[in-house]
Each structure stands twice: as C-alpha cells, then as structure tokens.
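With the sequence shown counted from 1, adding 46 to any position gets you this note's numbering.
One or more of the hints may lead you astray.
[To be verified] In the SDA-like style, the derived pairs of lysine to any residue whose C-alpha atoms are separated by at most 20 Å in a straight line are: (1) Lys147 / Gln129; (2) Lys66 / Ala178; (3) Lys161 / Ser148; (4) Lys171 / Leu141; (5) Lys69 / Thr170; (6) Lys83 / Gln172.
Since the hints were made in silico from the structure, they are not lab data.
Note that the coordinates shown come from a computational prediction; the quantities given were computed from them, not determined experimentally.
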Amino acid sequence: ANAASGTAGANPQCAQIQAKLAKGIQANLDIQAQELKGIQTLQAGAANGFAAQQQSVLDIQNQGIAIRATNQKLAAQINSPAQDGLATVAMAQVLEVSQVKSLNGTAGDKATFTKLVQEVMDGTKQNQKNLAAAQSQKC
Numbered sequence: 047a048n049a050a051s052g053t054a055g056a057n058p059q060c061a062q063i064q065a066k067l068a069k070g071i072q073a074n075l076d077i078q079a080q081e082l083k084g085i086q087t088l089q090a091g092a093a094n095g096f097a098a099q100q101q102s103v104l105d106i107q108n109q110g111i112a113i114r115a116t117n118q119k120l121a122a123q124i125n126s127p128a129q130d131g132l133a134t135v136a137m138a139q140v141l142e143v144s145q146v147k148s149l150n151g152t153a154g155d156k157a158t159f160t161k162l163v164q165e166v167m168d169g170t171k172q173n174q175k176n177l178a179a180a181q182s183q184k185c
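Make the full structure from the sequences, and use the hints.
Here is the structure:
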C-alpha cells in the first residue's frame, strides 16, 4: 500500500472502514464546535462557575481525543491519506488540553484564550482537510 496515492492495499473492508473514518472525523468536527463554544463561554463566564465550565471543556476535549484516536486506528487499517492530518490534530489536542488546564479565571488568561480560540479554529480547518482526504481515497 502506498500512502502517497492513498491505496488501500489488500484490505477488503476498505470502503466500510473508510465510511467509519469519515463519520468519525465528522464527529470530531462536531466536538470541535462544542469545544469552541465551551472555550468562549469560559472566556466570558462568571468567576463563580469557572471551575465547572473548565471541567466541561476538558470533558469535551477528552471526547475529541478518544474519537481522534479511534480515527487514527481506522486510518492506519486502510493506509488513509488522512493519517498525517490526524497526527497533526493529535498534537494540537494535547496542547489545547494543557492550555485549558492552565486557565485560572483571571485577566491573565486573556492571551491563552486568544491562542486557544485560534487553535480550535485551525484544528477544525485541519479536520475538514482530513475529512476530504479520507473521502478521496479509492477503495
């Protein structure tokens, strides 16, 4: 199998796995939309509910990590052209979790929030590319 051409090699279940992968990447896009809303709510929120909202964002992020990990396993099974992009998302997810954990509900969080919003938007663009790559593969 050749990753550059996106060939599935000898996997007879390629089309089925490809469909699952596309569905999984779409699920991750949906999670990223929730994550962005959660971060924006956290950014605008009252200090008294900060810890609960922060945990809510971390829970959303952990769902996204679990989905992406499954997507990477599926992509590897069929040598999907989405593999490199999924690895990029994986690295970004680790960074975003650490940033959310570093927030403390003060004015000092402003720069981190700015970075987080941009990273989630960039990650969403990357997953849109991943979805297109996954769907482009000829099984």
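The hints, checked one at a time:
no.: 1; hint: Lys147 / Gln129; result: 28 Å, violated
no.: 2; hint: Lys66 / Ala178; result: 14 Å, holds
no.: 3; hint: Lys161 / Ser148; result: 13 Å, holds
no.: 4; hint: Lys171 / Leu141; result: 17 Å, holds
no.: 5; hint: Lys69 / Thr170; result: 15 Å, holds
no.: 6; hint: Lys83 / Gln172; result: 18 Å, holds
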